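**Student:** Okay, here's what each chain looks like letter by letter:
2 protein chains.
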Amino acid sequence: MSEAPKANAVIGQSGGPTGVINASLVGVIEEAAKHPEIENLYGAVHAVAGMVKEDFIDLKKVSAEKLEVIASSPSSALGSSRDKPDEQYCAKILEVFKKRNIRYFFYIGGNDSANTAHIINTMAGESGYELRAFHIPKTVDNDLLVTDHCPGYGTAAKFVANALMGDDLDNRALPGIKVDVIMGRHAGFLTAASVLGRQRDDDGPHLVYVPECGVSMDKLLSDIDNVYKKLGRCVIAVSEGICDEDGVTWAEKIAEEQERDAHGNIQLSGTGALADFLAGKIKGSLGVKRVRADTFGYLQRSFAGLQSEVDAKEARWCGRHAVQYAMEHISGSVAIKRTGDSGNYGIELFRTELSNVAEKTKSLPGEYINAAGNGITDDFVKYAMPLTGGLVKTEYLGNEPRI
Amino acid sequence: MSEAPKANAVIGQSGGPTGVINASLVGVIEEAAKHPEIENLYGAVHAVAGMVKEDFIDLKKVSAEKLEVIASSPSSALGSSRDKPDEQYCAKILEVFKKRNIRYFFYIGGNDSANTAHIINTMAGESGYELRAFHIPKTVDNDLLVTDHCPGYGTAAKFVANALMGDDLDNRALPGIKVDVIMGRHAGFLTAASVLGRQRDDDGPHLVYVPECGVSMDKLLSDIDNVYKKLGRCVIAVSEGICDEDGVTWAEKIAEEQERDAHGNIQLSGTGALADFLAGKIKGSLGVKRVRADTFGYLQRSFAGLQSEVDAKEARWCGRHAVQYAMEHISGSVAIKRTGDSGNYGIELFRTELSNVAEKTKSLPGEYINAAGNGITDDFVKYAMPLTGGLVKTEYLGNEPRI
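First to last, the sequence lines map onto chains A and B. Residue numbers for the first sequence follow the working numbering, beginning at 3 and rising by one. Residue numbers for the second sequence follow the working numbering, beginning at 3 and rising by one.
Don't take every hint at face value.
Unchecked claim - Mimicking DMTMM-like on lysine to aspartate or glutamate, the simulated pairs with C-alpha atoms at most 20 Å apart in a straight line are: (1) A/63 - B/397; (2) B/100 - B/60; (3) A/315 - B/397; (4) A/8 - A/132.
Stated by the list, open to error - Chain A side only, calculated, beta carbon under 7 Å to chain B, not exhaustive: (5) 19; (6) 58; (7) 72; (8) 75; (9) 77; (10) 167; (11) 168; (12) 172; (13) 307; (14) 395.
As the list claims (entries may be wrong) - If the Cβ cut is set under 8 Å, some of the chain A residues that face chain B in the computed set are: (15) 42; (16) 80; (17) 81; (18) 165; (19) 174; (20) 274; (21) 300; (22) 398; (23) 400; (24) 402; (25) 403; (26) 404.
It should be emphasised that the hints constitute simulated quantities derived from the structure, not laboratory data. None of the values given here were measured: they were computed from a predicted structure. Cβ atoms here follow ideal geometry from the backbone N, Cα and C, with glycine treated the same way.
All chains, please: the whole structure from these sequences, using the hints.
**Tutor:** Next up, the structure:
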């Protein structure tokens, strides 16, 4: 292993924003300042798009005070991009790296970003250009391989848990059926977080549906009917990627139904369509008057003032460790290993190969889904609760003795 | 004025929940404990519905520790009701009051609740039954008369402001057009709160539409086009009660359009319909690829762990003062008077007649809406900012010097 070169570094933030992706950015900036091997630290504006255009910010010039505000601000402070660079795109980036003597490449993002870092790193190696490429995990979906969990997930999970705590109390106050549609097209981790705020046996959500476990409309309606008959109310958390038993998403089914029925110009293609569709089906089938549905939307990934402290701290560590690893290794992705049990939560960081994280994704493990396929197990709560940094306690009075 | 009678008291929470309606409840409970005139304090489960059914909780038995958790919990801890009691309903309530020797009636709610208290108080007077009826203001819409502002509004405003702060940074990171639909069918106060988190000249929301100021689809699209051409992005806050220039709500227009076009079973009647409709129109007309829309829904009124400290404190004071007023007066509604200026915010409470608050509502004053009818003035920010208890600071890096 050769010595770490004295050269410039670049960092980018890719894909959907999270509540702590800036904490990882600040972790890289503050650690880079400690290593004389890193001369300039370029911030790529809008990720790979900024790299090819050479749209770079001098991150060494940003004040410590501003960096602290950045670290607690949601969304990607450098701007992001949805581009998935192909070989040609990556070749252009590598040209810019060579031109600017960039030999450290830090990329915060999901599995696609790990793949981008992997491709560019491989191309650099093939052309004999020494480049150190590191991926820093980020996603509200929590679907990356190798790492125990992803920075960004704990904060999004806290938002969803707080939302369901409030919404369940709302549903106690004005009973009826409430559907909440939560982010997660393929992985159910964020929808599962809806259960984290439950504090009493009859707290909602009473039913939870994740993309990993298909459910027919009949089963869904019968589940809801059962809860409603027992409790006089029902709160349901549904992943946006909810599937039928045949694996086809409900979103696709709605689109099909629309194509069959509609000849006008009304499109049920928006973000609220699934929620409204489910509410309509429930109202039509169960004859319950008060049925409401909300789609949480972007608030789940970018909401100011509600970071999980644990998540923010870990995201920052991941940024710092990426720089430390780059002093010793040619490439890698930062991963989290959990130490201790749920009562004594702790983590260690380690380096894994980019190829272990690139492209592939993880699903919500089967042991976190109940046997009936409509709920979340205590094992999941043990896994996810520490990541939220702890949740507030709530109370209501409806179960107090009568006078 | 006769001496305050030694008798029982009842309290109920009515209408839509808020983030601090429980703080007012706890204010009543703790103040009632100080007045030996109040013997039992009955908590009416589900408001007037519980009063006619005599479904009452003994609030003097709830521990101080539990009351503190209640005060910080969202939604109505006693349960709520949407019933608007007519004379017959009120007569039944009065019967229960007489049977149980209830001579103090505290009702936390909006203008309808003030009206209920007014009707029951008048009926009691007419039948020679001494009853002291007090209304404690509560609404996220902030639309009650007399009072400077309503408990519940500051917390909802803080939620909306934090949401827009995050969403605007999200829109900077991944530019496009974003529509956020915010609660408020008739009053634009909560939608106006979307501007409170703006910290830079080009921060969103860039356009704000409230029900008080009709806008045609052509004007809306042209406003958006102008912002998008200038900034390359646009964040728009829209009240759910947004109207066309003829005063007809967009929600009604969508329903009409649907009736004309659709012969199938797809209904655009859900909560996401307005957002999806606007996003479709914008995408279709302006040819912008990335258009998204979210509807904030119930999260605005019931979200755990995000009270405005100022709002929670004031809500509690209002509860306490209602009990104090009941020792001296026959009826009334608690109102807030603002003292000092925006840099030196303070309040005093005073009593107003129930009839001054009952039934009527307030709109967002004209001086808080800009001349173009698509934005909110600084005067509104001065009015509303103190009610949020202060907002977090955010930063991003896109405007830093390039290297």
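**Student:** Take the hints in turn and mark each one as holding or not.
**Tutor:** We went through each hint and held it up to the structure:
About 15 Å separates the Cα atoms of residue 63 of chain A and residue 397 of chain B, which keeps this hinted pair within 20 Å; it holds. About 18 Å separates the Cα atoms of residue 100 of chain B and residue 60 of chain B, which keeps this hinted pair within 20 Å; it holds. A threshold of 20 Å between alpha carbons decides the hint, and for residue 315 of chain A with residue 397 of chain B the separation of about 18 Å falls inside it, so the pair holds. Pair hint residue 8 of chain A plus residue 132 of chain A holds up; C-alpha atoms about 11 Å apart against a cutoff of 20 Å.
Against a cut-off of 7 Å between C-beta atoms, the interface hint on residue 19 of chain A holds, since the closest Cβ of chain B lies about 5 Å away. Because the closest C-beta pair between residue 58 of chain A and chain B is about 5 Å apart, less than 7 Å, the hint holds. Annotation: interface hint on residue 72 of chain A holds; nearest CB of chain B at approximately 5 Å, less than 7 Å. Checking residue 75 of chain A against chain B by beta carbon gives a least distance of about 4 Å; that is within 7 Å, so the hint holds.
For residue 77 of chain A, the shortest C-beta to C-beta distance to chain B is roughly 4 Å, which falls under 7 Å, so the interface hint holds. Below 7 Å, beta-carbon pairs count as interface contacts, and residue 167 of chain A has one with chain B at about 4 Å; its hint therefore holds. With a least beta-carbon distance of about 4 Å to chain B, the hint placing residue 168 of chain A at the interface is held under the 7 Å criterion. Taking 7 Å as the C-beta cut-off, the interface hint given for residue 172 of chain A holds, the closest approach to chain B being about 4 Å.
Interface restraint check for residue 307 of chain A: the shortest CB-CB distance to chain B comes to about 4 Å, inside 7 Å, so the restraint holds. Taking 7 Å as the C-beta contact cut-off toward chain B, the hint placing residue 395 of chain A at the interface holds, the least distance being around 5 Å. This hint holds: residue 42 of chain A has a C-beta 7 Å from the nearest C-beta of chain B, less than the 8 Å allowed. For the restraint placing residue 80 of chain A at the interface with chain B, the shortest Cβ-Cβ distance is roughly 5 Å, inside the 8 Å limit, so the hint holds.
At a threshold of 8 Å, the smallest CB-CB gap from residue 81 of chain A to chain B is about 5 Å, leaving the interface hint in force. Given hint, residue 165 of chain A at the interface with chain B, holds; its Cβ is 5 Å from that chain's nearest Cβ, closer than 8 Å. Taking 8 Å as the C-beta contact cut-off toward chain B, the hint placing residue 174 of chain A at the interface holds, the least distance being around 7 Å. Satisfaction of the interface hint for residue 274 of chain A is found here, the shortest Cβ-Cβ separation to chain B being roughly 1 Å, below the 8 Å cut-off.
Satisfaction of the interface hint for residue 300 of chain A is found here, the shortest Cβ-Cβ separation to chain B being roughly 6 Å, below the 8 Å cut-off. The criterion of a C-beta within 8 Å of any C-beta in chain B is met by residue 398 of chain A, whose closest approach is roughly 5 Å, and the hint holds. About 5 Å separates the beta-carbon of residue 400 of chain A from the nearest beta-carbon of chain B, less than 8 Å, and the hint is met. Interface restraint check for residue 402 of chain A: the shortest CB-CB distance to chain B comes to about 5 Å, inside 8 Å, so the restraint holds.
For residue 403 of chain A, the interface hint holds, the least distance from its beta-carbon to any beta-carbon of chain B being 7 Å, beneath 8 Å. At its closest, the beta carbon of residue 404 of chain A sits 6 Å from a beta carbon of chain B; the interface hint therefore holds under the 8 Å criterion.
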